[in-house]
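Visitor: Starting from the known structure of chain A, fit chain B onto it as the hints suggest.
Letter by letter, the chains look like this.
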Amino acid sequence: MQLAVWTYEGPPHVGAMRVATAMEGVHFVLHAPQGDTYADLLFTMIERRGKRPPVTYTTFQARDLGKDTAELLQAAIREATERFAPEALLVGASCTAELIQDDPAGLAEALDLACPVIPLELPSYQRKEAWGTAETFYRMVRHLADRSLRPAPREGRRPLVNLLGPCALGFRHRDDVAEVRRLLDVLGIDVHCVAPLGARPADLVRIGVADFNIVLYPETGEPAAQWLSREFGQPVVRTVPIGVGATREFIAEVAALAGVDPAPALADAGSRLPWWSRSVDSTYLTGKRVFIFGDATHAIAAARMAAEELGFTVCGLGCYNREFAREMRAAAARHGVEPLITDDHLAVEDAIRAASPELVLGTQMERHIAKRFGIPCAVISSPVHVQDFPARHSPQMGFEGANVIFDTWIHPLVMGLEEHLLTMFRDDFEFSDAAGPSHLHGGVATPAAHPAPQDEPAEALAGAIADALTIEVPATDTAAVTWTADAERELRKIPFFVRGKARRNTEGFAVLQGRREIDLATLYDAKAYYAQ
Amino acid sequence: MTGDIGLAPPRSAPGCATPAPEVLRERGQREVFCGLTGIIWLHRKIQDAFFLVVGSRTCAHLLQSAAGVMIFAEPRFATAIIEERDLAGMADCQDELDRIVRQLLDRRPDIRTLFLVGSCPSEVIKLDLGKAAQRLDVALGGRTRVLNYSGSGIETTFTEGEDACLATLVPEMPAAAADAAPSLVIVGALPDIVEDQFLRLFAELGIPVAGCLPARTVANLPAIGPQTRFLLAQPFLGDTCRALEDRGAKRLDALFPFGAEGTTDWLLAAALSFGIDRMHFNAVVAPGRERAKRAIAHRHERLAGKRITFLPDSQLEVPLARFLSNELDMIPVEVGTPYLHRDLTARELALLPAGTRISEGQHLDRQLDRVRADRPDLTVCGLGLANPLEAEGLSTKWAIELVFSPIHGFEQAGDLADLFARPLRRRDLLKV
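Residue numbers (full-length UniProt numbering), protein chains in the order written: chain A, 1 to 532; chain B, 1 to 432.
For the record, the hints were derived by calculation from the structure and aren't laboratory data.
Any given hint could turn out to be false.
To be verified - Once the Cα atoms are required to be at most 20 Å apart in a straight line, the calculated PhoX-like pairs of lysine-lysine come out as: (1) LYS126/B <-> LYS67/A; (2) LYS493/A <-> LYS527/A; (3) LYS67/A <-> LYS51/A; (4) LYS293/B <-> LYS51/A; (5) LYS397/B <-> LYS306/B; (6) LYS527/A <-> LYS293/B; (7) LYS45/B <-> LYS493/A; (8) LYS371/A <-> LYS288/A.
For reference, chain A alone in the conformation it holds in the complex (with noise of 0.2 Å):
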């Protein structure tokens, strides 16, 4: 058994849930008990997908384990095949189905479907989400590629290539995939399929006439790839376009795979971050120590441009993908540093301690192990929450991505040297801690009604702050109204972002009234009037 708060990466079956989504004219059908559908949410929310994800639970109960899960599996297969008519169907098990060793395969087979049926195995105790993402998707291009296609002679048409590795939950993938076409169309090369996101079975069965294959994203296209190379033929690149220097790199290796001329697309003026990382204002980021963990390709990737492009120090290198650990640890040579591979926040926690970076680029997790150390930070990879699947174009591959990262990565470095001047000032008579936030509420705070600033997370400030900025102060005095200690006692219960807001009312509305002591029923009363 493994002790664990948080997972960098889900079960494999999301990783199946991720390939499914992506594409169009899919159908999975999932063998897994009640409450395995909570994974719908990751796509309907943090991705703000307007569709359910194309999946289909066959949610067994206890009272159905003495019975017949197997015929409850053949049921969800037979009805979500009616009712959906799936060009292509995906049967699999969670980790709880695949305990009760019921063979979807096999039960699949049996129902004799009028549409291909491809049966996945997910071993939920051995391997991840990304895992299951590539396997997934490896099988299925296995399973429908039609193996006598092959590219057209080249005489009179443009190169065709597949873009392999985008899916569901990735991250930028959507950004990512615009960019590439466009990098690609600059230098005359036509994409035949973009495969998972956005294609159909029936692209896939067509797969075999693209002249090669560029993966994106090895942790989910890069198996697909090689069977597609061994199997068809078609040459692979695998250079991923993140970083000024990596995209140069892609283009001329593109480019000669595609025999056609890279100056167009190198000539590209998007590319603002040499000139921006030049310019004198930079100056101050050299030999910044930076901190980089995250998946082993946006890691390296990061690292790269961290180094070459940007001119910090790179202090420390990881991944929590252990599929790409002679990668990572290729490239923390190059960087002289240990390489860090663990799926283990806690050991990431300490390592970010040791090696004490002035900047932490990493996931979702970094983002709060470095806000608990006051480090400044910006995310590079999954996993994300909602606020990394931007609603603008947002891309961190080609000329525009690395626009995009060196936006991203200083943002958090203005904002440090700003939370840094906030600090030094801190002491000073209007922002010292004895005053209290008393400035913010109108009246003169006692101990006991305000804790000490430090016992609060920064953020009470910050929104308490927010809260003075925006909230309108009523005209009226409210100096001469006094709080009964239960009323200051319930004040506290709200919750400090909206608290500052919550007395300035009751303030606003005990002086509105002509009372001079606010209590409970003051100031219920004061949330009744302002519930208008």
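Guide: Below, chain B alone, put in the same frame as chain A:
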């Protein structure tokens, strides 16, 4: 104010109640959380407890998805992830569990109660967590109490995890002295601010309250005995209710304390049971009740006449539909619940308008077909369905918020109404 503060429906003798409504029972895919999710709010409430789930990576992933950012505040829950070697018998699960618990207690020596929480995988491999809890309890020599319950999806749905946890705590409640005076216990985890409001009201009424289940620390569980009467603050506490009754305590039948009417009825059930003078009751309850009515009235215009469907989630659906229908004149179309405790909700059901479609259990696709055919003004559903339904042009209110927000009692009645009014107000506001 004239006359007594109202009660509805009349507290008639059992048997003469309105006939039980037809309930549509369905089986199929269920889009619900498992009982592990209860940990997210239980660990905030029970401050000296730690919840250790024994399960798979999926369980850990669920907790972190449900807990959102709370996961980083050094939470008092974690997962012991079962691995291949545990299943292959290469490691003895009981030994492994001992190792994990010791590792955990080394890191968190402040933990006084440890819940070993069962999951689907641990139930299916028949890992005896009851035995493990007993053994560890002895081994830790009273330093940390070790208890066990199941939050697995195969056995529990969402809030039933709280039921399972509280039922485990009932045997831990000290026995009241044989000659103790009657006292009241409030059952069901409530936000502290709500709990305090209720305790104040009972104090003003002159009703002796022994405490709450769960208490804020396991060390402070209220005493219980045949003199104990209890009020359920939540409708999903069937097993806890039975466990309390097994120890001789008596449940006071009441509406659940949502809205002005529900809260009044809930308080009145206790007042009647403790022989509180009716005039005194009226005097104590009137200010809060009036405030609640005023706050609710602000939302009446927007909600009255609007049709609402609840998909099954927490078992709060029936009482909430009653509140919305009786106090805001909304029209319940379908009220789905994962499980219907007929005895606990009999009074609630009797107050739903005739013709309300009550459904228990779920066949998701068929239920969604009904939602699309009904086209209610508002659909209460989980986060996995909310955005997809919005994309189809149906306004939704996501259900989990009803479990995490303070919604019980007089002072929250306006907030509760607003939770339903806000999505409709937003829909009208947006011009894009």
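Visitor: Taking 20 Å as the top limit, are the C-alpha atoms of LYS493/A and LYS527/A close enough?
Guide: Holds, at roughly 14 Å.
Visitor: Next pair to validate is LYS126/B with LYS67/A; report whether the Cα-Cα distance is within 20 Å.
Guide: holds (17 Å)
Visitor: Check the hint pairing LYS527/A with LYS293/B against an upper bound of 20 Å on the C-alpha distance.
Guide: Judged against 20 Å, a Cα distance of about 13 Å means the pair holds.
Visitor: Do the alpha carbons of LYS371/A and LYS288/A lie within 20 Å of each other, as the hint requires?
Guide: Distance of about 18 Å is within 20 Å: holds.
Visitor: Do the alpha carbons of LYS293/B and LYS51/A lie within 20 Å of each other, as the hint requires?
Guide: violated (39 Å)
Visitor: Please verify whether LYS397/B and LYS306/B have alpha carbons no more than 20 Å apart.
Guide: holds (13 Å)
Visitor: Given the hint that LYS67/A pairs with LYS51/A, test it: the Cα-Cα distance must not exceed 20 Å.
Guide: Cα-Cα ~33 Å, so violated.
Visitor: Does LYS45/B pair with LYS493/A here, judged by a C-alpha cut-off of 20 Å?
Guide: holds (14 Å)
The earlier numbered hints that this structure contradicts are 3, 4.
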